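Colleague: Chains as they are written, first to last, in the UniProt record's numbering: chain A, 1 to 261; chain B, 1 to 129.
Don't take each hint at face value.
[Stated by the list, open to error] Keeping only pairs whose Cα atoms sit at most 27 Å apart, straight-line, the calculated BS3-like set for lysine-lysine is:
1. B/K58 x A/K77
2. B/K55 x A/K77
3. B/K61 x A/K77
4. A/K77 x B/K68
5. B/K58 x B/K68
[As the list claims (entries may be wrong)] Partner residues aside, some chain A positions facing chain B, computed with beta carbon under 7 Å:
6. A7
7. R156
8. T228
For the record, the hints were derived by calculation from the structure and aren't laboratory data. Keep in mind that this is a model prediction, so the values were computed, not measured. Idealized CB from N, CA, C, for every residue including glycine.
Chain by chain, the residues:
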Amino acid sequence: MAHQAHAYHMVDPSPWPLTGAISALLMTSGLATWWHYKTTTLLFLGTTLLLLTMFQWWRDIIRESTFQGHHSTPVQKGLRYGMVLFITSEVFFFIGFFWAFYHSSLAPAIELGGLWPPTGITPLDPFEVPLLNTAVLLASGVTVTWAHHTIMEGARKPALQSLTLTVLLGLYFTALQAMEYYEAPFTLADGVYGCTFFVATGFHGLHVIIGTTFLMVCLLRHTHYHFTSNHHFGFEAGAWYWHFVDVVWLFLYISIYWWGS
Amino acid sequence: MAARLLLRSAFRAATTCLYLLCDSDVCLRLALFCVTSGIPTDEEQATGLEKVILKATKEGKDPYSMLKPKEYAGTKADPHLVPSVTNKRIVGCEEDNTAVIWFWLHEGEAQRCPSCGSHYKLVPHELPH
Chain A
1 MAHQAHAYHM
11 VDPSPWPLTG
21 AISALLMTSG
31 LATWWHYKTT
41 TLLFLGTTLL
51 LLTMFQWWRD
61 IIRESTFQGH
71 HSTPVQKGLR
81 YGMVLFITSE
91 VFFFIGFFWA
101 FYHSSLAPAI
111 ELGGLWPPTG
121 ITPLDPFEVP
131 LLNTAVLLAS
141 GVTVTWAHHT
151 IMEGARKPAL
161 QSLTLTVLLG
171 LYFTALQAME
181 YYEAPFTLAD
191 GVYGCTFFVA
201 TGFHGLHVII
211 GTTFLMVCLL
221 RHTHYHFTSN
231 HHFGFEAGAW
241 YWHFVDVVWL
251 FLYISIYWWG
261 S
Chain B
1 MAARLLLRSA
11 FRAATTCLYL
21 LCDSDVCLRL
31 ALFCVTSGIP
41 TDEEQATGLE
51 KVILKATKEG
61 KDPYSMLKPK
71 EYAGTKADPH
81 LVPSVTNKRI
91 VGCEEDNTAV
101 IWFWLHEGEA
111 QRCPSCGSHY
121 KLVPHELPH
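This is chain A alone, in the form it adopts within the complex (with noise of 0.2 Å):
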């Protein structure tokens, strides 16, 4: 243990900021490579770089944590502060694309026919599948809280069946969201209405993937006893960002697949 009067974490040097930023670089050329040349090796070598990026620094994060004890209470509260400000960032994110559909839909051009949703377009029925989809989520919701309650409690068993069952809950949205991609009238290229129904609705089913794999290896770490039942912020990081998925989609149901429709 470092000889030290505070009770911070002082992180050893490591690789993967810069690992981190060579990927970013190496993804956002790919993109333009990818779209102007027609070659994805640039966008292929970012991504694995990313992926190898977000495994082992994550990796890193949970030995210096659970295997270390680095993690004190002022240490955990950092973190808190961490997750609460990134996810306002991600609010903010999806804000722009609720701007974008609000100033197209609610003052329609001339082009559209006037009128939301514009000619032409027949929007997906709100109380089908974009219905269930809610109540998937809003199931799941409910799974992860029950989740947590049980790891307070110390109950393994419950613990793993409801995280289990948020996970479930969470493919079963993406599931079905790639069913109604495939099988919906319009597309992308459809005009506005297309493009903000699918930038928006298409950011937030990857924010699902990303919350599900939070939640997949919250489940792992669960099942290796990583978590106690007084400090499990991992878990508790990846159920805030849970309700915030679950939140936006609600925003997205309300507004792009009701009002719109």
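Model the placement of chain B on the given structure of chain A, informed by the hints.
Modeller: For chain B alone, coordinates are given in the frame of chain A:
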């Protein structure tokens, strides 16, 4: 004969039921165990710095200065006690000043803030390693 066979199977069934009833108590306790335990506590699993801090907190100590400093009157009889791991520490006095007055506090006799005169005394501070 048939009646005797029937009686024998009925007797066997009855006794198995009884055994099951006895086992159900064990089953209930096993189920309760699964439902209320299995996840370790910090007591059992904390390691490294987290464990050191946990133990110290239980003993009422604060080796890593995580809590607010204790309040003192700042008089000659009740000086501010300033813990230090070496023989001097910087002090920032906010007592009766409009600005923070910074000065080095050395071990030995209590020193006074050059602006408001509050008394400060360096005390040695033990680290857990």
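Colleague: If a hint holds in the structure, say so; if it doesn't, say that too.
Modeller: Structure-based check of each hint:
no.	hint	verdict
1	B/K58 x A/K77	holds (20 Å)
2	B/K55 x A/K77	holds (20 Å)
3	B/K61 x A/K77	holds (20 Å)
4	A/K77 x B/K68	holds (16 Å)
5	B/K58 x B/K68	holds (17 Å)
6	A7	holds (4 Å)
7	R156	holds (3 Å)
8	T228	holds (5 Å)
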